[in-house]
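K.L.:
Full structure from sequences and hints, please.
Protein sequences appear in the order of chains A and B.
Residue numbers 64 to 355, in our numbering, belong to the letters of the first sequence in order.
Residue numbers 64 to 355, in our numbering, belong to the letters of the second sequence in order.
Calculated directly from the structure, the hints in this document are not laboratory data.
Be careful, since some hints might not be right.
Chain copies aren't distinguished; within one or between two, either way the pair holds.
Claimed, not checked - No farther apart than 20 angstroms at their CA atoms in a straight line, the calculated lysine to any residue pairs in the SDA-like style are these:
#, residue 1, residue 2
1, Lys-72, Glu-92
2, Lys-72, Ala-238
3, Lys-72, Ala-172
4, Lys-72, Asp-313
5, Lys-72, His-270
6, Lys-72, Ser-179
There are 2 protein chains.
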Amino acid sequence: MLEPTPGHKLVVTTDVLVEGLDFTAALSEPEDWGWKAVAVNLSDLAAMAAEARWLVLALTVPEATPVATLERVYAGVGEACRAFGAALVGGDISAGPALSLAVTALGEAERPVPRSGARPGDRLCVTGPLGAAAAGLALLSSAEPAAAGLLARFPGLAAAHRRPAPALAMGLALARVGATAMIDVSDGLAGDALHLAEASGTGLEIHDSAVPLAPGVAETAALLGRDPMALALGGGEDFVLAAALPRTADLGGVLDCGRFTPDPGRRVRVTGVGEAPLAGLAFDHFRGRAGG
Amino acid sequence: MLEPTPGHKLVVTTDVLVEGLDFTAALSEPEDWGWKAVAVNLSDLAAMAAEARWLVLALTVPEATPVATLERVYAGVGEACRAFGAALVGGDISAGPALSLAVTALGEAERPVPRSGARPGDRLCVTGPLGAAAAGLALLSSAEPAAAGLLARFPGLAAAHRRPAPALAMGLALARVGATAMIDVSDGLAGDALHLAEASGTGLEIHDSAVPLAPGVAETAALLGRDPMALALGGGEDFVLAAALPRTADLGGVLDCGRFTPDPGRRVRVTGVGEAPLAGLAFDHFRGRAGG
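P.N.:
In structure tokens:
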């Protein structure tokens with residue numbers, strides 16, 4: 064029995080994480096899985112400028128899973144709920160061939176921001192640097208002996224993969240200064256910003272020289288022979304927000320890295336890279352995610 | 064962006080169905096799976112005296128699943144939403160080793176009914192006869208040649224297994240006449256009514272001679288050498304409502320089959336069966352469900 068706040072819209076989002084695809088015991092702890100299942104959903108709420116309120120968790124659990132592992136998953140769920148002010152209000156548990164965590168999160172928004180409101184001329188802004196989660200995952204999965212050194216030197220990289228933090232406060236702040244469209248960067252900035260342009264019927268330019276790289280991303284790319292821009296634009300799971308902001312809107316803490324254009328026929332242009340690679344950078348769930 | 068109704072509480076429920084455990088291609092069609100994933104959640108809303116409003120669906124899908132199968136699952140989801148007045152407002156899809164459907168349903172209740180309000184002296188009522196879903200599943204799974212004849216003679220049995228109908232209108236009606244506690248019969252009346260007694264701190268008597276058997280349940284039990292009362296009390300998935308009603312409450316269409324008692328130490332007594340078997344009748348998710 065939940066009490067909706069008068070005058071607010073209700074927003075709802077659901078996301079399912081599956082062991083072996085979205086997380087693996089080799090790269091993170093059960094507490095991290097629970098945390099992440101909550102955080103990725105709250106990130107969707109953040110992108111709608113909602114405050115996190117309630118969530119429910121439906122688990123499928125293989126018979127061989129120790130109860131202690133489940134308790135650790137629930138502990139991570141609880142930690143994330145406390146950290147971000149959401150209450151776990153229901154759940155279901157069923158047998159299944161893989162551990163999966165389906166979270167549905169409910170939030171309330173006074174002024175929800177859609178994906179579809181970007182206008183030509185709006186700036187493309189992000190609420191933080193990119194590539195940390197992809198670099199963390201790449202290092203954690205790597206057999207390269209120097210990977211451990213980079214993970215120790217840049218602890219934010221593994222943390223970004225294991226314990227993402229939804230940008231709830233920034234979502235509210237962006238709505239307040241007039242953001243016209245928002246999305247969270249869960250599948251890579253290239254693909255996610257493209258969703259904004261598509262939903263809004265605009266074009267989009269991403270200025271790759273302005274895309275902020277998280278600390279350690281360039282070093283990771285150099286070590287592993289990867290393109291740092293591919294980690295930043297296509298890596299996904301950074302859970303910063305990407306927003307369309309009117310040119311005159313003023314908000315500290317956001318970084319401009321492109322603009323929405325009038326021509327929906329040429330949706331994405333990455334300066335210095337060209338247009339073709341962008342589709343390839345967009346994340347495809349059926350090619351796998353963590354470790355996939 | 065959903066508009067909560069002023070003056071109503073929000074209720075939320077989640078339930079995950081997994082192929083091979085909750086449904087199998089041998090016994091039902093993909094449209095049925097989608098229907099059932101919706102219906103079992105709406106049944107939980109019915110038990111809280113809520114009106115069904117919105118739902119979200121998180122799927123995990125094995126790589127080998129044909130797109131046509133998924134389309135049929137979605138078609139069944141849509142049919143159930145239309146049948147019961149709920150709107151599908153979001154979803155997620157992820158790769159996974161088994162097809163699973165995690166539905167979260169949101170409802171609104173003016174006067175929600177908890178599980179914990181039953182008082183000694185209240186009647187235990189059900190909104191319909193029991194055992195049809197268990198009998199249907201038993202016949203569908205049976206190698207007995209005469210099973211097909213019974214399925215044809217009692218089409219409600221297979222339908223109860225494949226296309227359960229949540230008792231939304233009865234939930235509202237029960238709340239209106241003063242039901243003090245409600246639950247939907249998803250795991251068998253014995254176990255589910257026990258949940259009411261436990262939550263309410265009362266005892267419970269189930270009068271087995273008063274438990275209404277669905278048409279065909281007795282015939283199925285006779286054919287398969289099963290106990291009809293075990294199908295009715297322990298079979299589960301009937302999705303009728305079990306409610307505690309004050310002695311003076313008046314509502315057509317509900318059937319008395321027991322009463323709540325003062326002594327919480329002796330929680331369940333089945334006339335003519337005794338006390339011991341009841342715990343064994345309660346459904347255990349980790350022993351499997353459909354066909355398990």
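K.L.:
Is it within, between, both or neither when you check Lys-72 against Asp-313 at 20 angstroms Cα-Cα?
P.N.:
neither (25 angstroms within a copy, 38 angstroms between copies)
K.L.:
At most 20 angstroms between alpha carbons: which applies to Lys-72 and Ser-179, within, between, both or neither?
P.N.:
within (17 angstroms within a copy, 30 angstroms between copies)
K.L.:
Given identical chains, is Lys-72 near His-270, meaning Cα to Cα at most 20 angstroms, within a copy, between copies, both, or neither?
P.N.:
neither (34 angstroms within a copy, 47 angstroms between copies)
K.L.:
Please sort Lys-72 with Glu-92 into within, between, both or neither, judging by C-alpha distance up to 20 angstroms.
P.N.:
neither (35 angstroms within a copy, 37 angstroms between copies)
K.L.:
Regarding Lys-72 and Ala-172, is the shortest C-alpha distance of 20 angstroms or less found within a copy, between copies, in both, or in neither?
P.N.:
both (5 angstroms within a copy, 17 angstroms between copies)
K.L.:
With identical chains, the pair Lys-72 and Ala-238 could be close in the same copy or across copies; at 20 angstroms between alpha carbons, which is it: within, between, both, or neither?
P.N.:
Answer is within: at 14 angstroms inside a copy they meet the 20 angstroms cutoff, but 27 angstroms across does not.
Hint compliance for this structure: hints 1, 4, 5 are broken, all remaining hints hold.
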